[in-house]
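K.L.:
The lines below spell out each chain.
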Amino acid sequence: MAIKKQKELDIEEKSPENRILSFPDEVLERVLVFVKTHKDRSAVSLVCRDWYNAERWSRTHVFIGNCYSVSPEMVARRFPNIRSVTLKGKPRFSDFNLVPPNWGSDIHPWLVVFASAYPFLEELRLKRMTVTDESLDFLARSFPEFKALSLVSCDGFSTDGLASITTYCRNLTELDIQESGIEDLGGSWLNFPESFTSLEALNFANLHSEVNFDALERLVARCKSLKVLKVNKHVMLEQLRRLLVRAPQLTELGTGPFSQDHKLRSHIDLESAFSNCKNLNTLSGLWEVSSMYLPALFPACTNLTFLNLSYTALQSAELAKLLQKCPLLRRLWVLDTVEDKGLEAVASSCHLLQELRVFPADPFEQEVIMEGGGNGVTESGFVAVSEGCPNLHYVLYFCHQMTNAAVATVVRNCPNFTHFRLCIMDMRRPDYLTNEPMDEAFGAVVKTCSKLRRLAVSGLLTDRAFEYIGTYAKNLETLSVAFAGSSDRGMQCVLEGCPKLRKLEIRDCPFGNAALLSGLERYESMRSLWMSACNLTMNGCQLLARKMPRLNVEVIKEDESDDMHAEKVYVYRSVAGPRRDAPPFVLTL
Amino acid sequence: MEGGATYVSDLGNLKATELRLGLPGTDAPEKPTPENPRGSKRALLEANEEFRGKSKSPEADPNGQEAAPMAKAQVVGWPPIRSYRKNSFQARKAEAEGAGLLVKVSMDGAPYLRKIDLKVYKGYKELGEALENLFKCFSLGELSGMEGCNGSEYAITYEDKDGDWMLVGDVPWEMFISSCKRLRIMTGSEARGMRSSP
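Heads up: the protein sequence lines correspond to chains A and B, in order. Quick note on the working numbering: the first sequence kicks off at 1 and runs consecutively. Quick note on the working numbering: the second sequence kicks off at 1001 and runs consecutively.
It should be emphasised that the hints constitute simulated quantities derived from the structure, not laboratory data. Treat the hints with care, as some may be off.
Far from chain B, by Cβ distances over 10 Å, these chain A residues were calculated [stated by the list, open to error]:
1. W51
2. H61
3. G181
4. S272
5. T305
6. S310
7. H419
8. S574
9. P578
Computed Cβ-Cβ distance ranges for the label pairs, DEER-style [what the hints assert, rightly or not]:
10. A:F585 to B:D1117: 44 to 50 Å
11. B:K1086 to A:S158: 17 to 23 Å
12. A:E134 to B:L1101: 45 to 51 Å
13. A:K341 to B:W1173: 27 to 33 Å
14. B:G1163 to A:A221: 48 to 54 Å
15. A:S291 to B:K1119: 16 to 22 Å
16. A:P24 to B:K1086: 54 to 60 Å
17. A:P584 to B:L1102: 45 to 51 Å
18. B:D1117 to A:R218: 44 to 50 Å
19. A:P193 to B:L1101: 48 to 54 Å
20. A:E496 to B:D1117: 35 to 41 Å
None of these values were measured; they are calculated from a predicted model. For every residue, glycine included, the Cβ atom is placed at its ideal position computed from N, Cα and C.
Go ahead and model the full structure; you've got the sequences and the hints to work with.
P.N.:
What follows is the structure in structure tokens.
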């Protein structure tokens, strides 16, 4: 229940124009409850003081895209009634080991403030934060109403921390630890008390050790509201069957390996368990697939909208058979083991497809494999998908070879891309047929896709590509650049030309101080800028820091060799001032 | 060496595709790394696991020619795959390499390599013919290293389970396919060295 703040109203004294804004707070707060997205809420808070106050009292969920942009005390002061917090920490390139360990973004100081300001906190969703077992224990004991914990790409904790959550959080509905770096000390963390029945979502797909299956089965049996269950590689088919029998109401399922299990009596039993799952819209896991068992899945595929096969080395024939059973598919993630042929199957079966992600099965394959050599996807698969799936608006595509013409064809077929992330894995690779830079490819993307919000470029690129981006990508919010560009001009074009840019991450490009400083006016309207292995110097960064006091300009210095060179630079706006928890290798200028 | 038209025209752009860890725009000094001494140690920078993120020097072509660099130094964080996904591939690769018979075949001087399934061949003769076919656009000519014929400039070698590079053809076929991890067609003086070593 929102704690209301009473305010004297003097309607008679206000002019007619102001009267419309002088709703009693109670009314305004009631209305504002329906304003959900944080962007809309921010807009509301800027209308006038009354609305700012009504908004801050009625807000229950706060989203903080950069944990260092604001302090926990400031958040608590402004928003008294928060129930749900989403926090993001490290720069995205930390996912690729570009940020040294112990860099920061520790959740603990936030938890301490929340424990006193928001004792009734219910949800915590973290991305790229460091979370220790002590923090998890503190969380479990400090918030009696705690319901949902989601840790994506986090690190610093072990299964012991999870044990605290399962032991003390009596009202837990969601526990999701996907893709986090967990120290796996064994499966005994899954020890919810027998009286516990509120679980709705459980995702432990990336844990390595085996959990107690009996405990899991009993848990699934008594939690009648369970909708999301994603198990790990230790749950074999017979065990999966037993879980499905207990939870036919599941909407999202992550399986264990779909390979031979001697304990499974017959795959008809398995198929029957799947046919009872009429509400599945999301399927993932699979891991190792034996073609013999794959058809057992088919009855559950009719309503699938999201199929995540990105951890399964499926071949094109198997994929084709599976896709025929998924007519409503909207999102598909696969490994490039399916090859172009598999993508052709996507094109013929998935006409409603909106999102495609193709991950490399062998990303560190150093040498380039010749076409037809049986490895990965090429430009033809990309074109094929674009021909069969006109609703495609999100693509992430890892490949070894691409051509300008192919990309131009793809965007001609699918002009509605909002997210276009193309990763040609061989650095600075030109168009392999013409040997020209890939400038025209990305030129075509930005010219054709006017709704583009996120772009990742790759291949051999000159400043021309960035001129295109600056000229045409007017809705661009996120740009990722690696091993590209010819001079400062490239980065300048982007900073000058993309008014909605919020996140810019650059590595290994020939952009220097002039480029960095050309964005002086821009950085305060952006969430952050990352530049590593470029041509920045300490002097350039210091100049930026001096001119823009409301930005935090941080340089990560890992070795003492070159004092003048700024190897890794992270710039972000902040109302909290410089970090107080910076480790020795992070210099705040 | 002669090659298909594609290969020749690639030479002009090799600098553009060359991988370096130095700052773009600077010329990283090329440190020549020692190639395989006769028939024993394997080439540097080929095993991903050893050099993840640590290696700093690009491998120069051993013959000093302008051929494309084959084993490239691994760069930290590239390709941009999350650590979690990376780790699950390593695990799978370890499993697969134990069980399967797919091996990579590289040839000195060729910018691409191929993958073949050793199970498909009945013996060294078929293997030799297949390799000749795979690499004929690079003017392999007669592949006769295995038969010990002296005219040829090539030697077919393989890396065994212990990481040693051996000449193909010395052991019984079954033993070969169970221990072969990858193949390399060596050229020039090294090839002669391999064949003449005991």
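K.L.:
Compare the structure with each hint and give your call.
P.N.:
We went through each hint and held it up to the structure:
no.	hint	in the structure
1	W51	holds, 41 Å
2	H61	holds, 26 Å
3	G181	violated, 7 Å
4	S272	holds, 30 Å
5	T305	holds, 23 Å
6	S310	violated, 8 Å
7	H419	holds, 15 Å
8	S574	holds, 25 Å
9	P578	holds, 26 Å
10	A:F585 to B:D1117: 44 to 50 Å	holds, 48 Å
11	B:K1086 to A:S158: 17 to 23 Å	holds, 20 Å
12	A:E134 to B:L1101: 45 to 51 Å	holds, 49 Å
13	A:K341 to B:W1173: 27 to 33 Å	holds, 32 Å
14	B:G1163 to A:A221: 48 to 54 Å	holds, 51 Å
15	A:S291 to B:K1119: 16 to 22 Å	holds, 18 Å
16	A:P24 to B:K1086: 54 to 60 Å	holds, 56 Å
17	A:P584 to B:L1102: 45 to 51 Å	holds, 47 Å
18	B:D1117 to A:R218: 44 to 50 Å	holds, 46 Å
19	A:P193 to B:L1101: 48 to 54 Å	holds, 51 Å
20	A:E496 to B:D1117: 35 to 41 Å	violated, 53 Å
Hint compliance for this structure: hints 3, 6 and 20 are not met, and every other hint is.
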